[in-house]
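Going down the list, the sequences are from chains E, Y and H.
For the first sequence, this note's numbering assigns the number 1 to the initial residue and increments by one for each residue that follows.
For the second sequence, this note's numbering assigns the number 1 to the initial residue and increments by one for each residue that follows.
For the third sequence, this note's numbering assigns the number 1 to the initial residue and increments by one for each residue that follows.
Take every hint as true, because none was put in to throw you off.
Simulated crosslink set (DSS-like; lysine-lysine; CA at most 27 Å straight-line):
| # | chain 1 | residue 1 | chain 2 | residue 2 |
| --- | --- | --- | --- | --- |
| 1 | H | K21 | H | K32 |
| 2 | E | K280 | H | K32 |
| 3 | Y | K323 | H | K224 |
| 4 | E | K281 | H | K32 |
| 5 | Y | K323 | H | K290 |
| 6 | H | K58 | H | K24 |
| 7 | Y | K323 | H | K294 |
| 8 | H | K21 | E | K280 |
| 9 | E | K281 | H | K24 |
| 10 | H | K24 | E | K280 |
| 11 | Y | K323 | H | K295 |
| 12 | Y | K323 | H | K181 |
Which bits of chain Y does chain E cover? Going by a derived footprint, with three or more residues having C-beta under 8 Å, they are:
| # | stretch |
| --- | --- |
| 13 | 23 to 35 |
| 14 | 48 to 58 |
| 15 | 82 to 91 |
| 16 | 127 to 141 |
| 17 | 291 to 297 |
| 18 | 300 to 314 |
Don't read these hints as lab results, they were simulated from the structure.
In this text, a Cβ means the ideal position worked out from N, Cα and C, and glycines have one as well.
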Amino acid sequence: MVLSRYLDERVWLLNRQGKAAIAASAQGHEATQVACIEATDPSKDHYLIYYRQFTAMLALGTEPEEMLRGFLAKETEPMSAAKQFPLHGAHPRVDLFNFSNVIATQLPQAAGVALADKLRGSDAVTVVYFGDGASSQGDTHEAMNFAGVHKLPVIFFCENNRYAISVPLEKQMGIESVASRATGYGFPGVQVDGTDVIAVHEATSAAVERARAGDGPTLIEASVERLLPHTTDDDHTRYRSAEDIAHMSERDPLRITSDVLKRRDLLTEYEDDEIHSTAKKRVNVATDTVDAEPYPGVETMFDHILNDSDRNAEVFRNA
Amino acid sequence: MPEQTVIEAVRETMQAEMRRDDSIILLGEDVGSRGGVFLASDGLIDEFGENRVIDTPLAESSICGVALGTAVNGMRPIAEIQFADFVWPAINQLVGEASKVRYGTGGAKTAPMTVRIPYGGGVRGGLYHSQSIEVLFAHTPGLSVVAPATPYDAKGLLASAIRSDDPVIVLEHKRTYRLVKGDVPTEEYTIPIGKAEIKRPGTDLTIFTYGLMLHYALQAAEMATAAEIDVEVLDLRTLRPLDEDAIAESASRTGKALIVQEDTPAVSISSEVAAIIGERCFFDLDGPITRLGPPEIPPMPFSPLQEAAFMPSPEKILAAITKLAEI
Amino acid sequence: MVFNVELPHVGESVTEAVIGKWLKAPGDQIEKYDPLVEVITDKVNMDVPSPASGTITKIIAQEGETVLMGAVIAEMETADGEVSAAETSEPAASEASPSLSAGRIGTLVQGANVGPTGGEFVDTSLTSTKSTASTANLGDSVGSSSRQRGFSPVVTRLAAQHSVELSSLVGTGLGGRVTKKDVLAAVEAGGAGLVSASDQDVSGSEQVIDPTPIRRMIANHMVKSVMEIPHAWSAVEVDVTGMVAWHKANRSGFETRHGVRLTYLPITLAVVASSLKANPRLNSTWLDGKIVLKKAINVGVAVAAEEGLVVPVIHFAADSSIVELAGELDGVVMRARSGSMTLEDVQGGTFTLNNTGALGSIWGGAIINHPQAAILTTEAIVKRPVVVSDGETDSVVVRSMMNICLSFDHRIVDGAEASEFLQSVKSGLEAINLDSELE
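Bound-form chain E, shown alone:
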């Protein structure tokens, strides 16, 4: 979580330096992402993420250098060879993927991934992440309906930070909770505090158990705070009240988690400092390394093209 925070801050800085074209921060979502991943089995489960799954990526073993290569679009970027925005593409080691930026397209795909496991008798679980905004898309309804019909081993995991870019929850839906929709599809919906690692872990473990046992989907809604604007291109002071912004740090999962651990004597002040200083050093090393790396050259632009056109060959001939 601490590493994620430092790396996240660094990426934001690299954007302000004109080096990272775009970033969506996970600050405020860290606890929920770490706790959810902890309750699953990366050796066999599937993860369909969306663009804010920064901490989840690290929790699944992605190295800070690999993350930075995504943001700086460097040559050895592992997810999409820098064809895509950061966090898009497919992970080189675990079954995590994110095909596009288009909101909610991953939900029906997750139902399909889970259907394949069910048809083949695998006990793997599919976790699909989405935000409160994505819950409005038709794809979301269609995916949950399908998963409910077929009792698929899928966990619909909503990270509800109450803002779809600028649109607040009350303009997004006529109800208070995304989780309450699950009843309409015939499976349980659970609401948890996304700053509480233990609560998120317990809720996810229960959903995983249910899915592996063949009992069908679960919808988990973790309430979190989006501590930064939607992306580096956004400015949330245009639409969030000063009061709202002033209070959001009360829901900072890093501070909350560290307080809980210290209260229970599981973490000393010294250890906490060590964690921070190690993370910061790690991020500095990764930044220096990746900043110096080359961008992909033009020749790999034509890799993985279906039905390569004569026109492309001509482009090469002219070169």
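We have chain E already, so just place chains Y and H on it with the hints.
Frame of chain E, contents of chains Y and H only:
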């Protein structure tokens, strides 16, 4: 005459039209207090209120379907799709439904709706914030598609779109929003849909283009004067219906046609322009109809060198001009 | 060492910023990436990170001061080894607005950018020199167009309309093609089938010759090469006594067996092609700031034809035997001299070999066949007294010597690589002796 950027012209046109006609409403993601992600509707919610500037849920199909519903019931909606790349869920409502309202009801109903869609790349937008999506709409009978490239045209064409009794897709190139600044008269005016414009007269060859590429073509034409090549640049402005007469007139006069676009060339606007020239100007041609576009790969890679290699540029256009001119 | 801290470029269409609060004072230590100073523009307020680790020594821009992007705002002392050239880079080359009239069309705003999702991102990724990759350049995708011969539809139509005899016109288009302008000029001049100005005596002391289209093309090509390519030259002398002996001994048998003429040319061509294979940089082209290595080794051979210099191309020369090369050369030279070359014969050359020795020349500085990287001339073979050494004693003997002269594009290769190539050709030629099996 005040100078405005394209985005300012868009904003002030919507504002002026909304003041003129209170049946006009705005719908889209973040169009309210955020003022739109490109600030196209900045401040409009303050003037017209939440009933006329509606922050919608994040769901493009409903943005366009709801807009269509209001349109057939007495309103003139302007729907904003945040990025062209996100329009696909709404294709059913636009291509499938809105385009056929007048024809399919024997004229009993019409759909006076405008859909504004920021499109195009060269902004480090990767595969999902760079797409050119004009072809699907331009292929659809029952839709009009305009693609203004200058502040002046943005105002005149958007006003025409809003006042049209049928659905009009307004494609605004993201890169031009703050890049292009020009004179925009304060008074009301409209530019007819379906009319191209010669942005630069010339005698040796004609570049047919639209959107951001208009500006690159004009730069390239200027550079070509050093080689004493006199290039005409025709701005298509409307992609459906294409201004066939203007296209044929210019191609016949110069005898050489270079079509430049940012979209991938196969089965595209440039294919259609080439077909028109081939059909109508064959005996006036003094060189092969030539197309310049990006390679046939998904638009467009996120990494900077590859994006630059993908995008047509003034230099690439100049090379094509030179090659065609010396034939 | 002293490190200048510059105000980085931030925000779209912003050229200056107001300095806010300094977060460090002179004497303070700071780590790279830690916040150093707040700046305020009309678009954004942000903390500028420190570009290096070290100690702040001097604050140059004071709080409240308006400063241009790129200006030095502070100085710091860094540990040795820190790169002094500030890493803050220039903003991406802004689309310079040409001298288009403003108004209706609009002008382009310098540095006005839009971030990928609508914000204010100023991309600097391509301005940092250390992290850009080098590779093949992407050309445009204009259809290859010069292939058509004959008359275009409009030329045919105009000629018919105005009764112009097209075959009598001299075209100014590519490859001498008659263009629409040529026909209109002929009509304008009042004579169908007007031929371009013929030789004319201006003052009696000078004769002005209107160059033929091919002469004009050669002229343009030469000018283009000299204007664009920074030429450099190098030469070595080659002892070809063994090659001359081999040629003398094998010529008639070879010609009987294969039915093709055997000159020195196919032999040198084979050696040059294999040297190009070993030195691929000589087989390349400079294109838009990139070096494009050509996989195929297609060697053009300069031939003096009646109307001027032509350069037929031997394709994939490195993959052919001397027998094949001799056959191809025979055919192509014959077609060149009779003016019946095909387009294929002259296209795709990647390097040029010019046997100027056939004209008696012993030294030359050829002009590179644009856009290739180099041209090699083989000069006349001359018997000369030469000092040879067996390691112990030197003696003077008569040997057959030949100079080979290389002109090369100095953007692509330096003298060392050029020499390496020349040495490779030299040793290849000198290795030939009576016992060589070259067929």
